[in-house]
Amino acid sequence: MSSAIELLWTEKYRPRGLKDIVNQREIVERLMKFVHEKNMPHLLFAGPPGTGKTTAAHALAHDLYGEEYHQYMLELNASDERGIDTIREKVKEFARSRTSPDIAFKIILLDEADNMTADAQQALRRLMELYSANTRFILAANYPSKIIDPIQSRCAFFRFTPLSKEDVVARLKYIADNEKVEYDEDALETIYEISEGDMRKAINMLQTAASLGRVTTDSVYKVVGLARPKDIKEMLEQALKGDFSGARELLRKVMIEYGLSGEDVVKQIHRELFSADLKLPEDLRVMIADYLGEIHYRIVEGSDDDIQLSAFLAWLAVMGRRVGAQS
Amino acid sequence: MSSRIPWIIKYRPRRVDEIIDQEEAKSSFLTWIETWLKGKVPEKRAALLYGPPGVGKTSLVEAVANEYDLELLELNASDYRRAEDIRRIVGVAAFRRPLTKRMTLILLDEVDGISARGDIGGLDELMRIIPDARNPIVLTANDPWSDALRPLRNSVLMIQFKELSQGEVVALMQRICEHEKLECDREALRYIAEKNMGDVRACVNDLEAVGEGYGRVSMDLVRTLVRGRDKSMDLWRTLNSVFYAKEGWQAKRAVQNSEEDYETLLAWFNDNVQNKYGSPDDAFRAWDALARASLFISRAKAGNWDLLSYVFDLIGPGVAMARQSGEVLRNRYQYPSKIIMMAKLKDVRGLRDSVASKVAPRLGISTSTFKADVLPYLWIMFRQGDVSRAAGIVVGYNLTEDEVRYLAGPRANDVIRAAEKLREELRRRSRESAEITKAEGTGKTGEDQGRTAQRRGQATLDLWWGSAGAQQPRQEGEERPTKATRRGRRGGHRESTM
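Read top to bottom, the protein sequences are chains V and U.
Going by numbering that gives the first Met the number 0, the first residue of the first sequence is number 0, and it counts up by one from there.
Going by numbering that gives the first Met the number 0, the first residue of the second sequence is number 0, and it counts up by one from there.
For the record, the hints were derived by calculation from the structure and aren't laboratory data.
A couple of the hints might just be wrong.
Using 25 Å as the maximum straight-line C-alpha spacing, the simulated SDA-like pairs for lysine to any residue come out as follows [to be verified]:
1. V/K252 <-> U/S336
2. V/K229 <-> U/D346
3. V/K145 <-> U/D372
4. V/K232 <-> U/G408
5. V/K240 <-> U/L328
6. V/K252 <-> U/Q273
7. U/K357 <-> V/K240
8. V/K221 <-> U/A371
9. V/K252 <-> U/L362
10. V/K266 <-> U/S353
11. U/K9 <-> V/E248
12. V/K172 <-> U/V386
13. V/K240 <-> U/D280
14. U/K357 <-> V/R13
15. V/K240 <-> U/Q273
16. V/K164 <-> U/L362
17. U/K357 <-> U/A371
18. U/K180 <-> U/I7
19. U/K343 <-> V/K164
20. U/K357 <-> V/E80
21. U/K343 <-> V/E262
22. V/K229 <-> U/G349
23. U/K370 <-> V/E10
24. U/K357 <-> V/K232
25. V/K89 <-> U/S27
Covered stretches of chain V, going by a simulated chain U footprint (3 or more residues, C-beta under 8 Å) [what the hints assert, rightly or not]:
26. 135–141
27. 145–151
28. 194–203
29. 233–242
30. 277–285
31. 288–301
32. 315–321
Glycine residues also receive a C-beta, built at the ideal position from the N, C-alpha and C atoms.
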């Protein structure tokens, strides 16, 4: 058995330079021009998760500044920062630090920029102008439409598309061979189908399946099943059967064991709701979605998630019995 | 996880001598019971045990029943106690001639809670039964001097329970902590005892809430989590008045008059709807009202405090009027588990966040993306996958034991042990390779490795090199700096941004 330090393969196999990026050819070529010219505008990277936006930003910085690129790059994540004020402080601090001998600017990578409110984006726009002398921003976003126009117009736009089947499968194969993983060829294709061109998801799935043994189509499906805690589905089924206490017990279990918040639970329920595994009359699904949305809204507004979800389960118990009585 | 029996039940005294303090009360109660057991009838056929909550009144009765092998017939506060109920249950038992030698002990808990409205004629009926009872009747009350109990006082043996001494309560909590293997600090126990004014039940509940949630009982925890519970009587009355209310205004008044704040009330109702309403429709209506109450609290907190009045409407009449089809169940009230749960939740979420903040930056993703997209896979790897790979990840990301417990759940010990072994092994290997380097003196990679290790000054990375350097994933490795230096810089950067 292997006894070695194990890294998550998404970290271990992350491309270092632009030429290591196997896909997004067009984008890579444009970025390489910036490296050649030693200059670039602000950039906006848009596209679905796992298509290589942050990876491309890192690779670009790597090629511009060399191995020591991290000292010339500030990485921020809009979802993790506390507010525009902390971002402003960090940007200010960073802009004052020294620049590279060859390149006149430093890079600020702001990930998940589309999660910022419009107000925060306005403040961001001012920051971009204020420090444009010696910094360039790279904004990464899943939904470019959520980025305000004044920012969009200041950035060169790059659209990242989901990876092709060939690219994903080839990469998975490369990793699997390197890690000496036993696998069935069609299992890798299955991973591609499920991950829908999201490389991060695909690699995570491969590593997880490999930790269970030989990677087969079955083991891949097993991973998919396990990644969705089945307690949620069971909880719904029990409530619909009228076993309210059992359902509430499961609710507390998922909240405590997995540390899920009320909002997490609501989202998981929503994901289960329209799956074929859950046997329900279609019109009831719609009613449940409606009620679930109300619960979601209340939790977001700050009301007690345990009480809200208990009410939801109690309601399911009533609805389930009515449906049971009809059929 | 320990068994889920609440400590207040787990550590309930089984024998009379396990009841702390109350020597006078014990001896007069035992004398009275022994008269019955000798086949005689004492002058007063009923005894009223009175005193503050949680000093051992009910426990004494239960311990006596247990020790003398008496059949205990218990009618507690949440049961109906109207005249007909008393006649049907108490009357029959009181006049029963024993078929066996086993005597019946009748216990009516919390008689000062028998309300004039809800339990019409209950006390009168009791007065009629007592003078002729053939079996001992025991009543308990917090306040025997209330008007309602006045007629009763002449026909019962009054036995007073005193407030417990702080020392005794602290000693008891200490014994529980020892039994639960809980680290506790004496000052914290004293604080709990003081806050609860000698109420053992409240003390044990608080101890459980803190201990189960945090695994230790320290002053800082206790100071934030424990507050005085001198109002437990008030709570009990409020719950009863709402669940048994026949009119909306009765429930509303009960909630408005309560000294508890609305959030405490909400927590108590949230955990007792299930105990009181048997019909799913009733239960749903009650919860729907509570859920709306909670919504109004959040709206009020947003600045519109006038909205609080709707909170009371929904908790009181909302819950009371929810009962349309069913009876009220005769279950005891339950201490809200929310408090215990919250403490645990805080721990679990803390661990989840600390795992996220360690791993997410290295993957170049936000912690929220990590939680949603990566964490589920880690759970599988840790709970079902190959243990040595999981151990490899533990070392690779320098995860703590608690973080492993969170990720691996039941398999935690296996993973922790494997990670220990792996660290050991890597340490050995790096020592060996260091010796080889020294011996050869010229090995280029060896020098690189030494320099990297020095620069990093951090054990993990030179270990990493020692083990994984051989499986370099990149083919074009020669024109790039070694993995170890690359990671070294990344590591340095991480420290500066965090």
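Going down the list of hints, with the structure as the test:
Among the hinted pairs, V/K252 with U/S336 is consistent with the structure: their alpha-carbon atoms are about 13 Å apart, no more than 25 Å. Restraint check for V/K229 and U/D346: satisfied, since their Cα atoms lie roughly 23 Å apart, inside the 25 Å limit. Between the alpha carbons of V/K145 and U/D372 the distance comes to roughly 22 Å, so the proposed pair stays at or under 25 Å and holds. Between V/K232 and U/G408 the alpha-carbon distance is near 21 Å, which keeps this suggested pair within the 25 Å criterion.
Only pairs whose Cα atoms come within 25 Å are accepted, and V/K240 paired with U/L328 is accepted, the gap being roughly 21 Å. For the hint pairing V/K252 with U/Q273, the CA-to-CA distance comes to about 18 Å; that is within 25 Å, so the pair holds. Taking the CA atoms of U/K357 and V/K240, the gap is about 42 Å. The hint is violated against a cut of 25 Å. Restraint check for V/K221 and U/A371: the C-alpha separation of about 18 Å stays at or below 25 Å, so the hint holds.
A threshold of 25 Å between alpha carbons decides the hint, and for V/K252 with U/L362 the separation of about 29 Å lies outside it, so the pair is violated. Between V/K266 and U/S353 the alpha-carbon distance is near 22 Å, which keeps this suggested pair within the 25 Å criterion. Only pairs whose Cα atoms come within 25 Å are accepted, and U/K9 paired with V/E248 is accepted, the gap being roughly 21 Å. For the hint linking V/K172 to U/V386, the alpha-carbon distance of about 24 Å falls within 25 Å, and the restraint holds.
The suggested pairing of V/K240 with U/D280 holds, with an alpha-carbon distance near 14 Å, which does not exceed 25 Å. Proposed proximity of U/K357 and V/R13 is supported: the alpha carbons are some 17 Å apart, at most 25 Å. Pair hint V/K240 plus U/Q273 holds up; C-alpha atoms about 16 Å apart against a cutoff of 25 Å. About 23 Å separates the Cα atoms of V/K164 and U/L362, which keeps this hinted pair within 25 Å; it holds.
Only pairs whose Cα atoms come within 25 Å are accepted, and U/K357 paired with U/A371 is accepted, the gap being roughly 15 Å. With a CA separation close to 17 Å, the supplied pair U/K180 and U/I7 stays within the 25 Å bound. Taking the CA atoms of U/K343 and V/K164, the gap is near 44 Å; set against the 25 Å cutoff, the hint is violated. Pair hint U/K357 plus V/E80 holds up; C-alpha atoms about 16 Å apart against a cutoff of 25 Å.
Between U/K343 and V/E262 the alpha-carbon distance is near 18 Å, which keeps this suggested pair within the 25 Å criterion. Between V/K229 and U/G349, the direct Cα distance comes to roughly 24 Å. Compliance with the 25 Å bound is thereby established for this hinted pair. Annotation: proposed proximity of U/K370 to V/E10 holds, straight-line Cα distance about 16 Å (limit 25 Å). As the CA atoms of U/K357 and V/K232 are separated by approximately 31 Å, the hinted pair breaks the 25 Å bound.
Among the hinted pairs, V/K89 with U/S27 is inconsistent with the structure: their alpha-carbon atoms are about 75 Å apart, more than 25 Å. Under the rule that three or more residues need a Cβ within less than 8 Å of chain U, the assignment of the stretch 135–141 of chain V is violated, with 0 such residues. For a cut-off of 8 Å, the count of residues in the stretch 145–151 of chain V with a CB near a CB of chain U stands at 0, and the three-residue condition is violated. Residue count for the stretch 194–203 of chain V with a Cβ under 8 Å from a Cβ of chain U: 3. That meets the three needed, and the coverage hint holds.
Taking a C-beta to C-beta cut-off of 8 Å, the stretch 233–242 of chain V contributes 1 residues in contact with chain U, too few for the three needed, and the coverage statement is violated. Taking a C-beta to C-beta cut-off of 8 Å, the stretch 277–285 of chain V contributes 0 residues in contact with chain U, too few for the three needed, and the coverage statement is violated. With 4 residues carrying a beta carbon less than 8 Å from a beta carbon of chain U, the stretch 288–301 of chain V meets the three-residue requirement, and the given coverage holds. Given a C-beta distance limit of less than 8 Å, the hint that chain U covers the stretch 315–321 of chain V holds, as 3 residues qualify and 3 suffice.
In this structure, the earlier hints numbered 7, 9, 19, 24, 25, 26, 27, 29, 30 are contradicted, and the remaining ones agree with it.
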